[in-house]
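Novice: Here is what each chain is made of, one letter per residue.
2 protein chains.
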Amino acid sequence: MASATRFLHINEPLPFKRGGILSSYSLAYETWGELNTDASNAVLILTGLSPSAHAASGPVDPSPGWWEPMVGPGKPIDSDHFYIICLNSLGSCKGSTGPASNNPATGRAFRLDFPELSIEDIAAAAHELVRHLGINQLCTMVGPSMGGMSALAYLQQNPQGARHFLTISSAPDSEPFSIAFRSLQRELIVTDPAFNGGTYDDVNWPVKGMRMARKLGMLSYRSAAEWRTRFGRREQDYFSTELFGMNYEVESYLEAAARRFVHSFDPCCYLYLSRSMDWFNLVDGYVDLAAALAGIALASANVIAVETDILFPAHQQQAIADALAGNGVRTHFTELASLKGHDAFLVDYEFFIPIVEGYFKQIREEDLPARS
Amino acid sequence: MASATRFLHINEPLPFKRGGILSSYSLAYETWGELNTDASNAVLILTGLSPSAHAASGPVDPSPGWWEPMVGPGKPIDSDHFYIICLNSLGSCKGSTGPASNNPATGRAFRLDFPELSIEDIAAAAHELVRHLGINQLCTMVGPSMGGMSALAYLQQNPQGARHFLTISSAPDSEPFSIAFRSLQRELIVTDPAFNGGTYDDVNWPVKGMRMARKLGMLSYRSAAEWRTRFGRREQDYFSTELFGMNYEVESYLEAAARRFVHSFDPCCYLYLSRSMDWFNLVDGYVDLAAALAGIALASANVIAVETDILFPAHQQQAIADALAGNGVRTHFTELASLKGHDAFLVDYEFFIPIVEGYFKQIREEDLPARS
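Protein chains in written order, with my numbering: chain A, 1 to 372; chain B, 1001 to 1372.
Hints are computed from structural coordinates only; laboratory data are not their basis. You may find that some hints are simply not true.
As the list claims (entries may be wrong) - Label pairs and their calculated CB-CB ranges:
id: 1; chain 1: B; residue 1: Gly-1019; chain 2: A; residue 2: Ala-256; range: 21 to 31 Å
id: 2; chain 1: B; residue 1: Gln-1157; chain 2: A; residue 2: Asp-201; range: 52 to 62 Å
id: 3; chain 1: A; residue 1: Gly-232; chain 2: B; residue 2: Glu-1128; range: 30 to 40 Å
Glycine included, each C-beta is placed from N, C-alpha and C at the ideal position.
Here chain A stands alone, though its shape is the one from the complex (with noise of 0.2 Å):
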């Protein structure tokens, strides 16, 4: 099957905010739709820490995205009318220059030796595109999960990077709970024997680090509320029960899960997304987050909390809807009732495609016909 991602090749420098610097580098990308002659209708998706750039299909690769019902022609995020981009993160192994890659000055990948990432790094990244794309300002910035991180660290940077803003189930900064998750995810990788300091290879594979990680994570992602009605108390009999355990559905889903992932993702570069989200405070240098939001010229936005995620609690996004809204920016804030906790944004869609189809219609009749 044909890959619809294209590559942007940036050959001068992009220095990092903790120090460290790559000469240059690629940045994974697909688009939907077309941009208006004046540039106007861009809409810009920057993503949670594991999806690549592949957020829906399209001719060129029929096979379904990461955010299939909500991204292509017809859909909430609407192709007929948007000019959408979707950026495989800075630091990702999906495409886009990060741990897994070469590194240029040794031949071999970086692994550990990559500049220490922040999700500043991953937003000025994200506007390097931007630019080299010919769009000046976005229509709309799209950020969930840890993509609404690196939203607001690229309007932060650009403060009239875009006229509308959907954030979903995301952060101004990492709190402690979701920190011990990150950081004992990240244990489990590094002291995996077959982690070796980031000289695993293909043979030698921190399967066991990474498969921990991932359930752990899975813990986070999920909420007690949908495994209740989902698993409840119901036996197992896929796997064996040599691990102490495993005897309930709810053991067996998570095994599954872990599995699938293993391989999917780099361990270094999980451990670097991973850890630029817990460096990550909006504020820091900032009285507040109003402050840290102020100058943001943004004319509207909408912000979506789930009230079972438990990594990004609720009042973070309520906390970003107050700040905006207190800074004059027409703000829409709603926490919805969705059991899927903080994975809800992918898998709940009959509560998001309301939400996210209106806030696309609003910006279309309000906005679009001012320009293009």
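Knowing the structure of chain A, use the given hints to seat chain B on it.
Specialist: For chain B alone, coordinates are given in the frame of chain A:
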């Protein structure tokens, strides 16, 4: 320092719920106060996973116990009026027979040869202790956390077993979210190469497995709300950052807690007790919880839940209270706004003392005068 722990050695076989049998076994317990002449003032405390029988200080052992502010003369569970017994659970490593105990058949520790332990076995052993102490009926059964499960099983096995019942942060069964947490903890221990099929020794100890299991446990014992106020985003400088983490105080808090735990509990005992909670389902064989509790001849019950408990969530306490009340037991239910999560009963005494004190005062006034 002298130990106040007493041992009951029982030379009768104890058949286990899931098969297997102990030909003889020991139970470690401590007591406070005096049993009255008609043995009507006994209070039995069954513990959570890790505590010993040393709930509180006393004349023989003045060292503080795990529930020091709660048990003793003039305290909420008042040894001036009650004969208080705290039992170390069967299966533990704090004096009662468990997987770390000597297997008389082999002369070595049981380890994985210990019969599969259920909560119901812990309850059956507890009843043997009560019987050997010459107590026909407990005045009050007390069960926090896993101890509440054991207490429920005890009352199901002995419907006339107690006149009053205090349960805190417990559950009539394990929900999948709690199972998932414990299953991962067990997997971390048994997949530590040093666990080696249960053949670890003092030199080859599953340090990493126990350390990571404890860190994961802390995520389930406390709450995001507590850590938000307690740690926020404060940075740490106690431990090195070699583990691709350990930048924040919450991380060093977890590391310190984990290091304290590693050698304080036997890995096999941990595995057996942990699994017994997953297996527990009081409703098994009954149409519902009310039916499972029907016939239990309590004069009163006091059920305490903590709003931020994610391991034994408040709605499970509510279910116990509703079922007891529906069966005609005079039941008092409280959901506490403590931020301390599942561990609240061990640390947030200001919330618990008034309720426990009031309940035992009521028992003293209404129940004891009619008897001794």
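Novice: Quick check: which numbered hints come out false for this structure?
Specialist: none
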